[in-house]
Amino acid sequence: MQLQRPSFTQEQRLKMNPQLYQSIRLMALPVVDLRETIQAELERNPALEIIEDKTTISLDSALKETKEEDDYFEATSDSGFTRRGTDEDADEQQKFIEGALSRPETLQEHLLWQLRLQPIDEDVRRIGELLIQNLDADGFHKEPVELLLKDENPDKVAAALDLVRRLDPQGTCTANYKESLMVQAQLMPDAPDGILEALEHLELLEKGKIAEVAKKIKRSEAEVNEILERIKELSPFPGRQFDSSEVRFVVPDVQVVRKNEEFVIILNDEEIPVLGINPFFMKLSDGKDGEKPVRDFVRENIKEARWFIRSINQRNHTLLKVMRAIVEFQRTFFAKGPKYLAPLTLKDIAQEIGVHETTVSRIANGKYVQTEWGIFEIRYFFTNSISGAGSSGSRYSKEAVKEIIREIIQSEEGSLSDQDIADLLSRRGIPLARRTVAKYRKELDLGSSYTRS
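Letter by letter, the sequence shown follows residues 1 to 453 of the numbering used here.
Keep in mind the hints are simulated off the structure, nothing from the lab.
We put the beta carbon where it would ideally sit given N, CA and C, even for glycine.
Do not take every clue at face value.
[Claimed, not checked] In the EDC-like style, the derived pairs of lysine to aspartate or glutamate whose C-alpha atoms are separated by at most 20 Å in a straight line are:
hint, residue 1, residue 2
1, K259, E372
2, K142, E179
3, K439, E109
4, K156, E129
5, K178, D168
6, K178, E197
7, K216, E226
8, K156, D121
9, K283, E262
10, K283, D296
11, K398, D123
12, K259, E271
13, K339, D418
14, K216, E197
15, K156, E122
16, K439, E152
17, K439, E129
18, K336, E403
19, K303, E43
20, K339, E328
21, K321, E262
[Stated by the list, open to error] Cβ-Cβ distance ranges computed for the label pairs, FRET-style:
hint, residue 1, residue 2, range
22, D445, P18, 44 to 50 Å
23, D155, G374, 36 to 42 Å
24, G374, D286, 47 to 53 Å
25, G374, K218, 57 to 63 Å
26, E146, E262, 53 to 59 Å
27, R166, E229, 22 to 28 Å
28, D155, D33, 40 to 46 Å
29, S411, D162, 39 to 45 Å
30, E300, D445, 52 to 58 Å
31, P154, E36, 25 to 31 Å
Can you build the whole structure from these sequences, using the hints too?
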């Protein structure tokens, strides 16, 4: 029997006004996608126009906003952190654009990043990593869990399964699309009564047999139709949005440079134009001549343009605030390099700048920063300590220790065993088990002492 399922159309049904939804969506967009969205909005809304400018912010010199500036920023998407460019700045900008790279993100990378930020038992984390590496392109198990983890503690396997299934995208780490939909339905904050019972009869729903399902779960056909609409909001194959066959062109959203012992954060204004309200539309909106439908059209477009500009402004300001806080927390990294990366959590930054952790997560995910040490995804700077306790544990982050291990292996003429490396780390005040050294070495794609000899 040929299965071309599920035939549901995935829909997005968020219970929020369009303006708020737009703000949240723009907040999450990396610079390339934002540029495309801006271009589409410029084509759709004649009240919008582009104003050229350059945008920077200094860590040690924030500008004071006046009433006049507030009025100006209300009508434009200029972030307010502006400095005229010199030839040196132009050279930096050219390097910025040339720093663009192609880097696809896999489902595994996306899940592993979230997993490593969880304050969980080390065994649960290890099992979670095994589960994630065992996922196929749809987000389902390649090998049955009972075979993959037959020697592990069942309670810890259950805890790891539950945790990974709750990560974004929800519903991975399942056996098939039916189980994935069941998991997603269980995680729905406002799931309708009867949705789990209806999903037990998914094959009937796929065939459109609403009356039969209604009879089986003792609900009216109207209720089943409502349940079906909610099911259509779910993603039956949650891993497919991370199709690795599509290589995405990545451009840094921001750049961190050091000038006169001061770190400066530069927004990529070559990709994000400054937006303003079209003066002709403003003039039309102020006048009382013309037909009412025309005036209404003009005013509605100006209203939408202003909200779009506010949303761009909020996104840029939040991105700058997040990067400013990251640079403050990770000053040693930006000054000396990756092996000085300190433990840092989303919560640390959220508390520092006064926003919710989900806002920081939206800003961090999918956006890149260019530094003198290379291009990094912003979320790279969020890493647990080697004790697995976030920023409250050891002062050494996992990523920093991995860089130290890389340095040890590459600098030693002889071939050090994992125990030798663990002993060297211990003498440096970094307690790490041999097994953990082996794990980090494999993640660095560095062979064992036998393959390196």
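Given hint D123 paired with K398 - CA-CA distance at most 20 Å: holds (16 Å)
Given pair status - E43, K303, alpha carbons within 20 Å: holds (16 Å)
Straight-line alpha-carbon gap K283 to E262, limit 20 Å: violated (44 Å)
D155 versus G374 beta-carbon gap, inside 36 to 42 Å or not: holds (41 Å)
Pairwise hint evaluation, E197 against K216, where the allowed Cα distance is 20 Å at most: holds (9 Å)
20 Å limit on alpha-carbon distance, applied to hinted pair K339 and D418: holds (19 Å)
Pairwise hint evaluation, E372 against K259, where the allowed Cα distance is 20 Å at most: Distance of about 12 Å is within 20 Å: holds.
Pairwise beta carbon distance, G374 to D286, judged against the given window 47 to 53 Å: holds (51 Å)
20 Å limit on alpha-carbon distance, applied to hinted pair K439 and E129: At roughly 11 Å apart (the allowed maximum being 20 Å), E129 and K439 satisfy the hint.
Hinted pair K439 and E152, Cα distance within 20 Å: holds (18 Å)
Distance restraint evaluation - E300, D445, Cβ atoms, bounds 52 to 58 Å: Holds, at about 55 Å.
Holds or violated: K439 to E109, with C-alpha atoms at most 20 Å apart: holds (16 Å)
Hint check: violations occur at hints 9, 12 and 31; the rest are consistent with the structure.
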